[in-house]
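Q: As a plain string of letters, each chain reads:
Protein chains: 2
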Amino acid sequence: MYLSKLFIPITKDLPAEAKIKSHQLMLRAGMIKQSSAGIYSWLPLGFKVMKKIEQIVREEQNLIGAQEMLMPTIQSSELWKESGRYEDYGEEMLRIKDRQGREMLYGPTNEELITDIFRSSIKSYKSLPQILYHIQWKFRDEIRPRFGVMRCREFFMKDAYSFDLTDQDAKKSYNKMFYSYIRTFNRLGLKAIPMSADTGPIGGDLSHEFVILAETGESQIYADKKIFEIDLNKYDFSDKSLEKMREDFSSIYAVTDEKYKEKDFSKNVKKENQIKTRGIEVGHIFYFSDKYSKPLNCLIDTQDGKKISVKMGSYGIGISRLVGATIEANYNNNIMKWPKSVSPFDVVIIPSISKNNKENLEKAEKIYKELKKQNIDVLLDDVDENMSNKFKKHDLIGIPYQIIIGSKSEQNKYEFKELNSESEILSLESIKSKIKKN
Amino acid sequence: MYLSKLFIPITKDLPAEAKIKSHQLMLRAGMIKQSSAGIYSWLPLGFKVMKKIEQIVREEQNLIGAQEMLMPTIQSSELWKESGRYEDYGEEMLRIKDRQGREMLYGPTNEELITDIFRSSIKSYKSLPQILYHIQWKFRDEIRPRFGVMRCREFFMKDAYSFDLTDQDAKKSYNKMFYSYIRTFNRLGLKAIPMSADTGPIGGDLSHEFVILAETGESQIYADKKIFEIDLNKYDFSDKSLEKMREDFSSIYAVTDEKYKEKDFSKNVKKENQIKTRGIEVGHIFYFSDKYSKPLNCLIDTQDGKKISVKMGSYGIGISRLVGATIEANYNNNIMKWPKSVSPFDVVIIPSISKNNKENLEKAEKIYKELKKQNIDVLLDDVDENMSNKFKKHDLIGIPYQIIIGSKSEQNKYEFKELNSESEILSLESIKSKIKKN
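Going down the list, the sequences are from chains A and B.
The first sequence runs 1 to 438 under the working numbering.
The second sequence runs 1 to 438 under the working numbering.
With the rest of the complex left out, here is chain A (with noise of 0.2 Å):
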């Protein structure tokens, strides 16, 4: 893509209603567009961006056997007072009367909607256990949406329901879950500490939420920096090598403010080991159990003839969300670098260009097919404006991998910058595998 082409309306001014470096950054590289309060309109950089989250949220989900569908954004208010959350989910959820006068909202959370699908498909112990999931957008009408897409009023989301005949199954579902979340947040480059949580409206008695470490975070995280250290790939995928995983991170000290306390802190971490600082939720998981089958009457057939509710828990992860907190995570001095598995491109080619000298542009023109071909996904900086400019442009866009052709490239080798480190003088064979190893 040449950025002449590229629709990324960029601005230098800061945006007065943008508080946090994330809100900022969207609006200033032109990655969204409010359209009202709370709700956005994705241009082509950041959308580029969330789908490549999307895509590896979808690949982990996939890989633990869940199968992905997709429940619609409107939703009738029956299923709603069927299981008794239509009065109790108070004004955040946007509801709608359609023509005929019938009473409809726009889906918040799909507990209730998957609990119908479910308990009218499947009825015998023998298609348990499953795990069910979608990515789709919501609605929560926020009084005061802020913070552009980390606390906004249309999200976009994974979620996923498991459906087991025992708790004992459930908790292994729940464990698959666990190992799936830890693995994603590793591809996304995010460092993701799993923290025991209470379950608020969802319900239910085990609940774990994952937060990433950013300093502008909405809560205050107390944690033991073992917590990074535990290896995945030290387990394999059977129930009990996975219930060992939970336990491991389990019992390494790792709390919200809220279950706070100085003295547990200092007893169990090591003082070199003590992270105190912010965190920002990015999923969230839950056992309940029968609280959604039960009222609702999803009854399963169990082997010697009865007939039980069917046991359930519920798995999130906010996608747009995430596009913000990788900035918030990412985003320093004034520097925004991407995670590798997200960046909108591979590499960046930036010419120096002059009204009359073009060679340079001519030059990045041969380095952009060269790199087509191999499959690298490569911007290149066709724009006639001064080098000085198009750095801090790019420290915007925050590609990690720069080639500058400017007076440094020699003969048949390049400057070749990695953001937050110093340039070398390479060959395009050298940068080539430079940028493919990652």
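By construction, these hints were calculated from the structure, which means they are not laboratory data.
It cannot be assumed that every hint is accurate.
[Stated by the list, open to error] In silico lysine-lysine, DSS-like type, Cα no more than 27 Å apart, as pairs:
#1 K244/B x K373/A
#2 K51/A x K294/B
#3 K5/B x K372/B
#4 K373/B x K340/B
#5 K48/A x K417/A
#6 K33/A x K5/B
#7 K234/A x K294/B
Take the given structure of chain A and dock chain B to it, following the hints.
A: This is chain B only, laid out in the frame that chain A set:
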């Protein structure tokens, strides 16, 4: 995937509410489940087909340089008041009040919103032409939703918008999209006829709808068979060649009953080339110049310093509707056969299984692993059920290739069948290459 693990609630009942064959098939094969009038959940089988269609549409949009982005489902009413369509749209628009009492709506289309994004981003002729598109859920509050996903309320659509400086340039964008649509429907295994059309509520003076042949279609069509003989490969991507392409299509007789005149049809189309059948609209493109850019004040600086309204077109493909339309075009004599490009699986292995003999199942599992290694997406029917029921079930699921492991399989040869054809006895190597060829 093993069929016993797939979430696919197949039902033998013919659902009373389903009047057309795509609706019947999708309910019976467990592809969708209605959640309220005209609103469906997409279960794994249906979801997979829809995603494949979406991906082909996306690839073909990208190929002509269109850039993907995403607009939200919920819009403010303000822009619609600016364009004057807020009142015009009538009751099909789902109108919503949020908790602050603001008038919102669920987008039925996006001309207003994209114009707003464009006017705040692009100011100069230098940045033109641009084509932006998104693939998003939309809502039209049909008074009588019916025919399953063919006429539902919440539906999945690709809509693209082109922006040009002059009418002449805009027609070049229109031709590119025309070309892209023909390619897209070809890849989807559908025979689509472009027909000059009225512009309706979108407005403008140039429009084509793309109609596929299906006896159950909503409109009567009359066409010359020669229209299917136009070879897209003979056009290149130059403006001149694409203009010639559209002329070539337009020169061949093809109309819906509104424009049909018997005299013209018999005069212009040879008897043996006359097609009289019904058709389903699966795409619609419009050129409407400054119909929205003018009231919304979307101005572009020209090279000689003037300001003019940008010239726009819009281009839709109904993605969820295409799932139904593909069934209408391919489900005959109680046998569904998916076009290979959108089939939920590449091939299904059907072993004859009995309680006392698991040998066939073991053979099937061995073949399954072999095919998986080759990146072939294979379904294994491991359900303990007689072969006659299995075949009936797979006539519904519609996977085009079957490997049957039963009485006819020899040492290292297996019965291989393409739906609607005779079966052959083939080695696994030959089977692999047959599947991969497609």
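Q: Any hints this thing doesn't respect? Which numbers, in order?
A: 1, 2, 6, 7
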